[in-house]
Each structure stands twice: as C-alpha cells, then as structure tokens.
Amino acid sequence: MFKVRVIPCLDVKDGRVVKGVNFVDLRDAGDPVEAAIAYDAAGADELTFLDITATHENRGIMLDVVRRTAEACFMPLTVGGGVRTVDDIKTLLRSGADKVSINSAAVSRREFVKEAAEKYGEQCIVVAIDAKRVKRAGGSDRWEIFTHGGRNATGIDAIEYAQEVVALGAGEILLTSMDRDGTRQGFDLPLTRAIADSVPVPVIASGGVGNLDHLVDGVREGHATGVLAASIFHFGEFTIRQAKDHMVRAGLPMRLDP
Amino acid sequence: MTVAIIDYGSGNLHSAAKAFERAARSMEDPQAIKVTRDPDAVYRADCIVLPGVGAFADCRRGVDAVDGMLEALTEAVRVKARPFFGICVGMQLMATRGKEHVITEGFNWIGGDVEKIEPRDVSLKVPHMGWNTLDMVREHPVLERLPLGPKGRHAYFVHSYHLNAANEADVLARADYGGPVTAIVGKDTAIGTQFHPEKSQRFGLALIANFLKWKP
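Top to bottom, those sequences are chains A and B. According to the numbering used here, the residues represented by the first sequence are -6 to 251, in order. According to the numbering used here, the residues represented by the second sequence are 225 to 440, in order.
What the hints contain is simulated information worked out from the structure, not anything from laboratory work. Just to be clear, a hint being listed does not mean it is correct.
[Stated by the list, open to error] Dumping the calculated DSBU-like pairs for lysine-lysine here, alpha-carbon to alpha-carbon at most 30 angstroms: (1) B:Lys340 to A:Lys107; (2) A:Lys112 to B:Lys323; (3) B:Lys304 to B:Lys439; (4) A:Lys83 to B:Lys258; (5) B:Lys242 to B:Lys304; (6) B:Lys304 to B:Lys258.
Please build the complete structure, drawing on both the sequences and the hints.
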C-alpha cells in the first residue's frame, strides 16, 4: 500500500544548519550531514535541504554537504535554494540529490522548468511555490505567488501558476503558505487543497505546522500526499515516529519500517 | 570479484555506487565496486549494474553514446551469463520498447513495453512518488528473507512509466497503485527494480546484498 510521506526540511547556510537541530544527541548540532543521518535513522520518508547561502562563492559547500549525505544516507534527498541553471541541477544530481527544487528561477522564466524536465526527467523536478492570500477590491480573495521569502509580490495567480509549471514538466509541487510559515497555526488548508485538486502531480504541504493534528489535516483536508515540517522536529518537540504514529491513529497509511 | 556500475551520465550513479559499496562491506567476501564507462571493464566484470533516471529515450541515447558499451553489456549478460541489476530506467531498458513520449527500442531481454501508469483511482497522483509495499509474484534468490506483502517493508518509487511484461514468469514482484505496477523483474541472470534500492534505506541495502550473494 502506498504511504503518506513525512519530510523534515533543513535550512542550510554556508554549510551549516540554521539555528541547529536539537532533537537528538548530536556531536555537532549545526552539521547538516549529522542531522540527515539522524533523520534517516528516525524513519523520515524523505529529506529536504534548503540552501539559503547568499554568496555565490559559498555554493560549492552545499555540494559537499549533499555528497557526504548521499554517502551516509540511503533515503530520498531533495535540494532547493538558488537553483537557476540546468548546470546547477546537473551538479546537484551528480552530487547525490534525487530531486531538485526550483523556486524564483521558474517564476522569472517558466521555460526553465521545461528545459530541466526534458533533460533530467519530470520525476526529479520539484517546483517550490510560495503563495500568499491577496485581498482584491471588489473581487474574491485569491492566492498569489511571492518571491524572496514572501517580500516580493508578483501578481501571479498561484493555481494558474501551479497548472502551468506542471504542464511544463514539474513532477511535484512543494507548496508553502507565506501567511502560515512560522506561525504554528497549521497549513493553509484551502490553499493546499485548491492546488492539490488542480494538478495531477503530488503536492507537498509546507508552512505553519505547530502540532501533529496539522500533519493529518494537510493530507485529509488539504489533499497533500506529503507533509513537510521543520521546527517541530528540529527542536525535539516531536519525533518522526510520534508524528507517524499519530497519523496512523488518525487512519492515514504510514510507513513504519524499522 | 568486481561489480561494474555503468557510468553513462545517469543522475543516480553516485547514490547507487555508495549503496553498493555499503552493501558489499557487510558481506564476508567484499566485492570491489567499480564505476566505469569502459566497455572492456564491463565485459570483464563479475556482475553489472545499470542505474538510470530520467526519460527512457534519453537513457537509451546515453548507453548508445558510449562506444562499444551495448555490445559489451549484451555479451556479458546474455552470453557469459553474468548477474545484472537494472535500476529504475536501467530496469526499463531491459524491455522490448519504451513508449515514453516517443517509441524507443529497449534491449529486448524481457518481452514487453514500458507504458504510462494509469491508476484507476483518479485521486492518485502521477508520478507514483513515495513508499510502497511489494507483493511477491515469484520466488527468487534476490528476494530471500525480505519482508514483502502488505505488512512488509517499503521501497521508494519515483516514476510515471512501468514495464508491462509480456510474460508473467518474468515478473518477481508488483506494487499496487490503483492497479498493478511492475516492481521487480527477473529473467535468467538479469534482474531489475522499478524502485530505487539505493534510496530504500535498509530494505534496499538488503536487496542489494542478496543480489551480490546471488550465484546464478
């Protein structure tokens, strides 16, 4: 039976985990490879690294992190952040990433999604969508695409954009609600459901998880096939296993392999 | 003993090599894992691994682009009867034809076409991306002691096409995704998995170890 995925996400800057990971006794709480190994052992279904390194010179550090992770962890790994060219994708995949997530480069140039999917296959091209609810005078609210961590409005409708990138070859959508990100109030369920129901590819819900019921809601109400969370796992509030056990009790099919 | 992992530019080469190295280390008689694009090394190897991700036609072009590789591979597997392990598109290439976007010839080691999966339940997403259990169709040494079935372990899949085998005898295991999906094929000294053993944690490493122990 096919299972729902629980995906921890690590923000990495200059080769270090931002704010660190404190859920288990790590020698170095800031080492992304150690954190990855711990999540692998804990039964995470996938792992996502988001590279928030600002300078171009330090981007090579991430490739080394990916390479060392792939040597130690035999689990699926997605890497995003600063992916702008087909060459960026090539070096990440060759370093051991299984999927690459594209964000603003797809907003500014949609054809990039097509070029990437044609070259490496739709299965490894994730398009990350950051969406925010926008009030429209005289009309109904809608969700629009924002870039640069939610600061830059684009005026692009999120549902139309999702359909467009999927038609161009995105094999998965990583959907983050910029309204909910960091709030611990749960996923934006109407947004998640609107996107998930309008594209044929898997949608991963992200942004706002504060408790384990939120993970259940993301799948049941949001129709996501996977749920991504960061802080509830990193700071030891809940283990991956506790999250999965909770989801099993709620009736969701989960992978509990030792 | 040497295991040749064919390097023809496939994205999962690094992960596959590392997983085979890890599995080999756990064995009594560790085998040397060699990543190579030298047809002669493939011809001389004791067993051969063909990784593969991306589109069928693109992977086929990749194999053809290495001068003499297909001949060496065919000779080693089909004539010298060396054990062979195809992963994902590496497995799909064992089929007669691929029908992803365009019709492309496969190696025709296993009769059948590689076709789009079409789950009966329309709420199921394509690609089939994530963890699924496996149902055994036929016993095989590479499946020995692996916990299969609905309560068994999971394998990691990422694909939109699968090998629709013409002969039931060539299918070792299936997954269910709104209908049957071919998960493992096996014929003579060749096996192939649609899922990624190199990404399937302990279950994947156990399968690779079984393959390395296999003396067909």
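Which numbered hints fail: none
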